[in-house]
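Protein chains: 2
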Amino acid sequence: MYVRDYTVPGRLQDSILYSIEAGGKRLRPILLLATAEAFGAPVGKGLTAAAALEMVHTYSLIHDDLPAMDDDDIRRGLPTNHKKFDEATAILAGDALLTMSTQLIAEDPSLEQEEKIFLIQELTKAAGPRGMVEGQMQDMLSEGKEISLESLEAIHKNKTGELLKYAIRAGAMLGKASEQSMQQMSEMAEALGLIFQIQDDILDVTGDAEVIGKPVGSDVVNDKSTYPGLLGLDGAKEQKNHYVKTAESALTEAGVEGTVLSQLIQYLSTRDH
Amino acid sequence: MYVRDYTVPGRLQDSILYSIEAGGKRLRPILLLATAEAFGAPVGKGLTAAAALEMVHTYSLIHDDLPAMDDDDIRRGLPTNHKKFDEATAILAGDALLTMSTQLIAEDPSLEQEEKIFLIQELTKAAGPRGMVEGQMQDMLSEGKEISLESLEAIHKNKTGELLKYAIRAGAMLGKASEQSMQQMSEMAEALGLIFQIQDDILDVTGDAEVIGKPVGSDVVNDKSTYPGLLGLDGAKEQKNHYVKTAESALTEAGVEGTVLSQLIQYLSTRDH
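Heads up: the sequence lines are chains A and B, in that order. At position 198 of the first sequence the residue is numbered 198 (the UniProt record's numbering), and the sequence of numbers has no breaks. At position 238 of the second sequence the residue is numbered 238 (the UniProt record's numbering), and the sequence of numbers has no breaks.
Just so you know, nobody snuck in bad clues.
Note: identical chains are not told apart, hence a pair may lie in one copy or across any two.
Okay, derived cross-link-like pairs now, DSSO-like style, lysine-lysine, Cα gap no bigger than 27 Å in a straight line: (1) K84 <-> K145; (2) K83 <-> K224; (3) K176 <-> K245; (4) K25 <-> K224; (5) K176 <-> K157; (6) K45 <-> K25; (7) K25 <-> K245; (8) K176 <-> K45.
These are calculated hints, taken from the structure and not from any lab test.
Whenever a hint applies, use it, and build me the whole structure from the sequences.
Have a look at this one:
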């Protein structure tokens, strides 16, 4: 709904809506809203923070799919943005989504000034060159190279972990979580990011392309380092279970165990797409 | 100086620094700081707003130069970012600069909360899909087509005018300009944007490639609509002089005539690069 308010009819709007409406799991906004709810934030308080997050995630997919980057033709079961439109339009659609993300938060009349600033600081830090963008750069530089488990985790922490952490921290802040709970939820978010990535890697080996909506085995084709590649399939599953325990303990310490967040941890560690 | 604080050493940082340090006229930050000074803002108050603006401008140049867009090899007398590095790195460097721009403002301890929010709102509005990004889309769609003077001005208003307006409005706001002065300075900024663009088009016909730092005649090669193309060279100069008068009147009405802003109008309308 926000996209139409912030764009004008035409090719750019069509291209942005195409990628936003392509769906996906909406995992990041759901995590943000579930965390806000767990900490008792008023309903609707996290809507722009969640939409901004989905915009940043969608922009990153559009740019990562470009021929100069991962060169993917299919995303969420549909042609990627540059296949449906063209490369120039896809680059601009990504740029537009990134720009709108902070605009949306800055213009939300239901947020306090200090909430807006917190959200923009955390979102840009997570998405920027000490977060997601650096992660994508490192991911590209590591293609075709043997890398250590430590390097692999550092890449994922930047590439996907930081935005998941924003989701959790933004939700907790909007629910006025204590400093200590914020810290525990950050730890939970870090574990969750690794669970997410390990399961992604496992699905690239064992998954069903039709259920996932993109080809499997592409990590091997692209010569990417993965958890199953480094630890074997059983080792990867074991590592994942370790992080599930870490995440659940953190929830308990922060006093939000038994909420929908526990179910999300279970879902993320067992999802089939 | 900000770039190093917000990035980590490596290829992405090198690529960002390469384009930021390539220089250029620094017109936008100078305009912002000159306007802030004209309205009596404390020295240093506009530094992050100005740096953020230059980051957005630089990101837009990096992305516009890409092969899928304007496909330029030379910028500011040096190889373009994707020629010096590669396309993937250039896309990410642009993304990083855009993300850092709002981060820089949000984290500036010398700005009030409401100043941060005003600056972020205006910068994202100017840069986004109702401003610069839409302008670039329309510019690409109009290549090879005959367009009216009205359409040409609409494209330039979005593509370059909105960011110049941000420069002027941000500076005036930091100097606590009145509502009425803000309105007059917005009109001045709109005229200035058109002066800038007309002179750009004129230089593409009459300029010296070595002084400009990029090839001349590229508008004709790329089949772009320009002021000299639509109005003839003399007609374009006349149109420019009309806007110079508009801009100078607005300065007088806002009570900041005779400041460095008057000199900047003169400089922009007569610059040779």
